[in-house]
Amino acid sequence: MTDSKKLISVIETIAQVMHENKEFLTELDSAIGDSDHGINLDRGFQAVSEKLKSLESSNVDDILKAIGMTLISTVGGASGPLYGTAFLKAATVVKGQTNIDAQNFINMLKEAIDGIQYRGKAHRGEKTMLDSLIPAYETLADEYKRSKDFVSAMEKAITSAAAGVEYTKHIIATKGRASYLGERSLTHQDPGATSAMLLLRAILNSL
Amino acid sequence: MTDSKKLISVIETIAQVMHENKEFLTELDSAIGDSDHGINLDRGFQAVSEKLKSLESSNVDDILKAIGMTLISTVGGASGPLYGTAFLKAATVVKGQTNIDAQNFINMLKEAIDGIQYRGKAHRGEKTMLDSLIPAYETLADEYKRSKDFVSAMEKAITSAAAGVEYTKHIIATKGRASYLGERSLTHQDPGATSAMLLLRAILNSL
Amino acid sequence: MKKLLNNIANTETEMIDGLCKAYPQYVRRLADTGVVVRTEKKKGKVALISGGGSGHEPAHGGYVGYGMLDAAVAGAIFTSPTPDQVYEGIKAVATGQGVLMIVKNYTGDVMNFEMASEMAQMDDIAVDYVVVNDDVAVKDSLYTTGRRGVAGTVLVHKIAGAKAEQGATLAEVKQTAQKVIDNVRTMGMAITPCIVPAAGKPGFELGEDEMEIGIGIHGEPGTHREPLKKANEIAEHLLEKILADIDYSGKEVAVLINGSGGTPLMELFVINNHVHDVLTKKGIRIYKTLVGNYMTSIEMCGFSISLLRLDDELKELLDAPADTPAFR
Amino acid sequence: MKKLLNNIANTETEMIDGLCKAYPQYVRRLADTGVVVRTEKKKGKVALISGGGSGHEPAHGGYVGYGMLDAAVAGAIFTSPTPDQVYEGIKAVATGQGVLMIVKNYTGDVMNFEMASEMAQMDDIAVDYVVVNDDVAVKDSLYTTGRRGVAGTVLVHKIAGAKAEQGATLAEVKQTAQKVIDNVRTMGMAITPCIVPAAGKPGFELGEDEMEIGIGIHGEPGTHREPLKKANEIAEHLLEKILADIDYSGKEVAVLINGSGGTPLMELFVINNHVHDVLTKKGIRIYKTLVGNYMTSIEMCGFSISLLRLDDELKELLDAPADTPAFR
Ligand SMILES: Nc1ncnc2c1ncn2[C@@H]1O[C@H](COP(=O)(O)OP(=O)(O)O)[C@@H](O)[C@H]1O
Ligand SMILES: Nc1ncnc2c1ncn2[C@@H]1O[C@H](COP(=O)(O)OP(=O)(O)O)[C@@H](O)[C@H]1O
Ligand SMILES: [Mg+2]
Ligand SMILES: [Mg+2]
Ligand SMILES: [Mg+2]
Ligand SMILES: [Mg+2]
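In the order they appear, the protein sequences are chains S, A, W and Z. Quick note: to get my numbering, add 1 to the position in the first sequence (first position is 1). Quick note: to get my numbering, add 1 to the position in the second sequence (first position is 1). Quick note: to get my numbering, add 324 to the position in the third sequence (first position is 1). Quick note: to get my numbering, add 324 to the position in the fourth sequence (first position is 1).
Don't read these hints as lab results, they were simulated from the structure. Note that this is a predicted model, so its numbers are computed, not measured. Hints should not be assumed to be uniformly reliable.
Unchecked claim - Think about it this way: if two alpha-carbon atoms lie no more than 25 Å apart in a straight line, the pair counts; the simulated DSS-like pairs of lysine-lysine are:
1) Lys66/S x Lys415/W
2) Lys326/Z x Lys553/W
3) Lys367/Z x Lys365/W
4) Lys111/S x Lys66/S
Stated by the list, open to error - Computed, partial: chain Z to chain A, Cβ under 8 Å:
5) Thr431
6) Val462
7) Pro551
We put the CB at the ideal spot given by N, CA and C, even for glycine.
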């Protein structure tokens, strides 16, 4: 059970992970994009982290909404509206709640993915963040249904996410900036798929 | 005794020496100027060399005049008008002649120096081509008067010219592009003084 | 990284302020935003707004003024601006006649401008947009993001701006902007990379004798790398790709030889010399030429060629007066 | 050396042709010369002619046109043009009203232009000249060559050009040109060198963290080298030297932030942002600002600041219309 305080600490961990991976993600983006993915996310999550201070007594959905708005207004690029929309959509799942439970989280991830697909019009297999998020969601939902063990389900979900990241090396991008590269996008791993996997892993690690 | 044919071969040697020293002179100019002295002189003397083909049957003064005009219209920069004027003035000494004798040459060098001074308004000690030309002229005139041995007088003149080049390392430029450097022009040898010395040496070597 | 900057985090702000302080007769900054608007709001016409990441100077702030844009929204360097910023820009310039957004075709730009227009529509502001996708280095396809928007965008600003200034409706301005987009093609290349200040190192590296063909305006890789060739051969190759994409034969065209920011004008003129000859030989008539740094990639050395196929309307609008900091 | 050129020996010619082909409505090349003249000879006014070595594009050919120059004579890169070329230029533009030459203060330029005017005078053409020497990095002295002519030259073109266009006499145009020269001061710096194509390597080298202060527009060494500082500190230092040279306090000024060719506009705007603040704080009123690549040094990265002290006459002439490829 994640209450507002816990949620804030989870987000802090995400912010820290993004900060630590700023150069790594930017480096990945330099191969097939425009060298800013890590810079963008770090800027956004630093702003989120700043914002969180004033949200300790809010409901979880208000916190998630504030995160979404902050990401939208500070990240820019493709990942800003996408991650921002993801958080806004996740918030709708826990409207008015003070806690997030395991099933909530699974539903939130589903909503987040739907939001990203609505906004970005991409599908699995186009070399985007969806290629780690969708397999992670599927594994999480299946494994949790089977075992009711959230932590082990998340561990398996992250393995799927990592496999998804690996998979992005073997496909040609058809969405986002990497799509301009056509065949030259092969062999490179997608920065957004990577950051999404890092985000999920940060959540697991802070539980 | 230098007739037109001989004069042309002397000038060919000068052109060759300038070509060989194109990079060296440009390098010197890069330290205290704008990296073009060797390029300028090579361009000019290549044009002169081209021109000479049509002058084999001309008087020596017409050859010298043609050289002066060609240098003026192809070298540009500071050295173009100066070397060009020098040849034009030298021509006046041998007006209508088919030969240049030793005394002619000495007088030509004097006229050339006067022309350079008229055009460039510089004096000895300002870190210009005059710092090798004037001592060379003085030595040549004195030694020839004393010994009547032109070749040995020229050898000594070139030693003076070389000393003049060396001397330019120890003075601050007050004329030409190097003057903008003030004290920073110290220790560097003047490109124009160097090319003038090379020119005189080429003359000696082709006698 | 050798740059003439201060605290890197303030670069975008200082740059916009530097522009507005230089040209207060044309532009001012909307307080606390990355939005540059005309000093005097122009009423009674459709408002034009464009923008994108910073780093393309003078685009887009330099094109705000009479006969071109009403506002330019600048994001962080090479990062599209956020929807709230675009929304501020829309609100500042919106007139009863509506707002047309000129968006370069990047996923981020399109999404952020779209979100802004959704916000503005909730305020009952009529907002529409066109997406510029002139870069023939990228294959066009319904199933992908499609082609990038690059230097041709400046011609869209110019011509749509003139149309709006004439008092055309939002639908008419959009139609004319779309006509420019349908008729303009661009291809570029680079010989040296650019450095995003916050990244501190080049986005890509090229060998001493290598060039990148088809490069994007953010230093994104192009179609391929090859050994550096003579300027004329490079120009011919880029032209070939452009001419293969739509039919320019027998047409009049506008030519834009655009520098990437670090390219000396000397080289751009040398390139134009040959482009002109090649087009003339092919029977393509050059109506107007622009040579300069119009849509840059910070200090990248390279260039692009844009060809715009003209008709009478486009010719007239291209010739119409414009008075902005960077385009007159 | 990585450049977008063809046969290096043809660079100057291709460049001039590229300019003239881009802007045939403004300029044409005098056959077989390095001279660019207005497409339509302007009669009934004093003719203005300037020039110098190539490599400073858009100077000087880009300033030929209404309200500025009548002819620009381009030498080899960084090498002043020869007298016969200047003479051709003079003959082409001379009107009954006489010709004013605007010469940058370099020994070579002065001598070559002087020789040309001697030739023209033999044809009974009235020729006079002014020598621009705005660079405060160099000490001024009667016993030396004096200061260099740098970016301030563009302001001389602009203002003397407007005066000539108004129908002033040769003496009047000269007097106004000299007034600009007396009131304009410039100082520059660089962080990376330029490469003369024919030389094939940089004219100087700078360490990864070094800059050259007071550099000339041909890459000539300046006053000193020091570790690279923040843009604002550099701007302050250059301003200090300029302000120490003549008294600008309480005056109105024109500001020119000039890029050296490879400097991105981003950096020039960042610099202008601070220059504006410093001058304003000192009570110096900025009447007009120009930011851009006006007098370049091929692809050198660096900039100069020029300040021109204005009076009513200069203000009016600075504002007068000009219509040339590079200045409008
Ligand atoms: N249409 C899309 N749908 C989902 N994800 C996308 C889409 N377009 C891009 N992305 C993701 O965004 C990442 C790039 O983000 P970022 O570098 O911050 O933005 P930009 O590409 O605008 O510079 C890509 O690696 C990809 O995972
Ligand atoms: N006023 C002058 N009188 C005599 N020689 C001069 C004068 N000014 C310059 N020089 C000579 O010209 C040389 C430079 O020539 P060059 O590099 O070809 O021309 P520029 O300086 O115009 O680039 C200097 O090294 C110097 O010897
Ligand atoms: Mg990116
Ligand atoms: Mg020189
Ligand atoms: Mg980006
Ligand atoms: Mg020179």
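Legend entry - Restraint status (C-alpha distance of Lys326/Z to Lys553/W at most 25 Å): The hint holds at about 10 Å.
Inset, instruction - Grab the minimum C-beta distance from Pro551/Z to chain A and call the hint holds if it beats 8 Å, violated otherwise. - result: 18 Å, violated
Legend entry - Satisfaction of hint between Lys415/W and Lys66/S, Cα-Cα up to 25 Å: Roughly 24 Å separates the two Cα atoms, so the pair holds.
Legend entry - Hinted contact Val462/Z with chain A - closest CB pair below 8 Å: OK, holds: Val462/Z within 8 Å of chain A, min 4 Å.
Legend entry - Given pair status - Lys66/S, Lys111/S, alpha carbons within 25 Å: Holds. Lys111/S to Lys66/S sits at ~16 Å (cutoff 25 Å).
Inset, instruction - Under 8 Å, Cβ to Cβ, is where Thr431/Z needs to be relative to chain A, so tell me if that hint holds or is violated. - result: 4 Å, holds
Inset, instruction - Below or equal to 25 Å on CA atoms is what counts here, so check Lys367/Z against Lys365/W. - result: Violated, at roughly 41 Å.
Violation of the numbered hints given earlier is confined to hints 3 and 7; the remaining hints are satisfied by the structure.
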